[in-house]
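Given the coordinates of chain A, assemble chain B onto it according to the supplied hints.
If you want the building blocks of each chain, they are given just below.
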Amino acid sequence: MTRPAITTLDMLLIAIAIAALPLAYQQLWGPNYRGTEVNILVTGQENQRHSLLRNQTLTVNGKLGDSVIRIKNGKAAFINSPCANKQCIHSGWLDRNGDTTACLPNRITLSVVGNGIARYDSVNF
Amino acid sequence: MQYRRTSALLSLLFICILVTACSKTQDEPIYRNQIFAFGTIVELTLFNTNDETGDKLSSEIRLMMEEFHHHWHAWQNGPLTELNNALSDTKNKTKQYNVSTEDAKVINQALALAKTSDALFHPTLGKLIALWGFHKDEPNTVPPSAQQIVDTLNSLPSLEDISIENNTISNNGDKPIHFDFGGFAKGVIVDRTIRFLRQSGVENAIVNAGGDLRAIGSAGNRPWRIGIRHPRDLGVFASLTIDNDEAVFTSGDYERYFEHNGQRYHHIIDPRSGYPANTIASVTVVHNDSATADAAATALFIAGKQHWPRIAKSMGIEHVMIIDKENKVEITAKLAQRMEYEVTPPPNIEIRHLP
Numbered sequence: 001m002t003r004p005a006i007t008t009l010d011m012l013l014i015a016i017a018i019a020a021l022p023l024a025y026q027q028l029w030g031p032n033y034r035g036t037e038v039n040i041l042v043t044g045q046e047n048q049r050h051s052l053l054r055n056q057t058l059t060v061n062g063k064l065g066d067s068v069i070r071i072k073n074g075k076a077a078f079i080n081s082p083c084a085n086k087q088c089i090h091s092g093w094l095d096r097n098g099d100t101t102a103c104l105p106n107r108i109t110l111s112v113v114g115n116g117i118a119r120y121d122s123v124n125f
Numbered sequence: 001m002q003y004r005r006t007s008a009l010l011s012l013l014f015i016c017i018l019v020t021a022c023s024k025t026q027d028e029p030i031y032r033n034q035i036f037a038f039g040t041i042v043e044l045t046l047f048n049t050n051d052e053t054g055d056k057l058s059s060e061i062r063l064m065m066e067e068f069h070h071h072w073h074a075w076q077n078g079p080l081t082e083l084n085n086a087l088s089d090t091k092n093k094t095k096q097y098n099v100s101t102e103d104a105k106v107i108n109q110a111l112a113l114a115k116t117s118d119a120l121f122h123p124t125l126g127k128l129i130a131l132w133g134f135h136k137d138e139p140n141t142v143p144p145s146a147q148q149i150v151d152t153l154n155s156l157p158s159l160e161d162i163s164i165e166n167n168t169i170s171n172n173g174d175k176p177i178h179f180d181f182g183g184f185a186k187g188v189i190v191d192r193t194i195r196f197l198r199q200s201g202v203e204n205a206i207v208n209a210g211g212d213l214r215a216i217g218s219a220g221n222r223p224w225r226i227g228i229r230h231p232r233d234l235g236v237f238a239s240l241t242i243d244n245d246e247a248v249f250t251s252g253d254y255e256r257y258f259e260h261n262g263q264r265y266h267h268i269i270d271p272r273s274g275y276p277a278n279t280i281a282s283v284t285v286v287h288n289d290s291a292t293a294d295a296a297a298t299a300l301f302i303a304g305k306q307h308w309p310r311i312a313k314s315m316g317i318e319h320v321m322i323i324d325k326e327n328k329v330e331i332t333a334k335l336a337q338r339m340e341y342e343v344t345p346p347p348n349i350e351i352r353h354l355p
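Just so you know, the protein sequences line up as chains A and B, in that order.
Quick note, the first sequence lines up with residues 1 to 125 if you use my numbering.
Quick note, the second sequence lines up with residues 1 to 355 if you use my numbering.
Isolated chain A, as found in the complex:
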């Protein structure tokens, strides 16, 4: 008895491989926007870098007082800050390479960095 040239299992394997090609292309060739670390800059102090993979809550002392920054599930955000408008908190969670927010009155910036290429080289606002 002769075996068929391509079995059903072969066909299934090829179909899965072809279906996975766009994902592989995106992963290997496409830009990697996801951040890996968060960089905290406080005026007059050394930069702090923390992995986005480790969940933690940080208290950072700035010009006006303490700002609270939380890192959770690969994202980072200002949770509390002593400024009046709370624009830093309203910025929400950052996770993409290049995302940046700041508490200007408290002189603290929070920016996400990564290994890949950010979608934008700089953001105008």
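The hints are simulated quantities; they were obtained by calculation from the structure and are not laboratory data.
A hint or two may mislead.
For each label pair, taking beta carbons as the anchor points, the in silico distance ranges come out as [what the hints assert, rightly or not]: (1) THR36/A to ASN77/B: 39 to 49 Å; (2) GLY235/B to THR43/A: 49 to 59 Å; (3) GLU102/B to GLY65/A: 35 to 45 Å.
Backbone N, C-alpha and C fix where the C-beta goes; we use that ideal spot for every residue, glycine too.
Chain B only, in chain A's frame:
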């Protein structure tokens, strides 16, 4: 039969190798740093610059910006407040003040831009800006009274009251002059920083001072890409690539503001009414000179939906994008060709032609 099966699997393997073989393995050689200077965050992006050189340039730029900030600060004691005091001092009968050639050039440029903007960008609104509380790190929480606004408007000089001759600035009127170069000084220092970088051998860079930027050169074999923030959201609204050397400046009602009784009062004050300009959410200007782009973004914001094309024409600005309060876009034809919208669904867009 066996041959056909082998060739099919080999083809699949070949496709896999093709996809993976040339995948990117290295980051771009871009130096990025953020510094606090000029009362804001300054982000430096330098292509093909190592960390040692980048850190050295960052330190020098920070010092340069801090010195400039002190020099032109509108309400902290320094050279500008000395100038303002001299031009407002009733005992100083001539009300004149000598400045350096470099300072005279800055003031002359500001006055020239003010004139082409129909005085919508107005560099002597210091008292009005202070009345609204925007001469502080944390603004007021209540607006001034209508009477206070009228009184302050009546006390402001006109552009015709000011003259500059041989580096001597004169107040020819009877009202005090309080220069405030907000809406212009940031552009000047961005231009100076770019000049400094070029003198230091950097030809491919972005200087972003608190959201307003100028980019030169490229990121190697691709142009710099700039995102423009959504005025009502946290993300990016649109983006464009830089054509060799351009400044991108935006004025928006979300930058500095306070809310009182549910109403937002922002920092871009209309010199005609004395109140925050109120018809649009943001104006983005692209121009090769940062100082001009800065002043134009302010003037066009104040000009509003009806008059911005006329003022843009008068100021020599061809690349403008307006986002109104309903996120509708008005844009010049030249900028429309280059703008990519990053929001879904895409916004309603109207091409506006300059007169």
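Go ahead and decide if the range 49 to 59 Å is satisfied by the Cβ distance of GLY235/B to THR43/A. Cβ of GLY235/B to Cβ of THR43/A: about 27 Å, so the range 49 to 59 Å is violated.
If you check the beta carbons of THR36/A and ASN77/B, does the distance land in 39 to 49 Å? 45 Å, holds
Between GLU102/B and GLY65/A, does the C-beta distance stay in 35 to 45 Å? 39 Å, holds
When the structure is compared with the earlier hints, a violation turns up for hint 2 alone.
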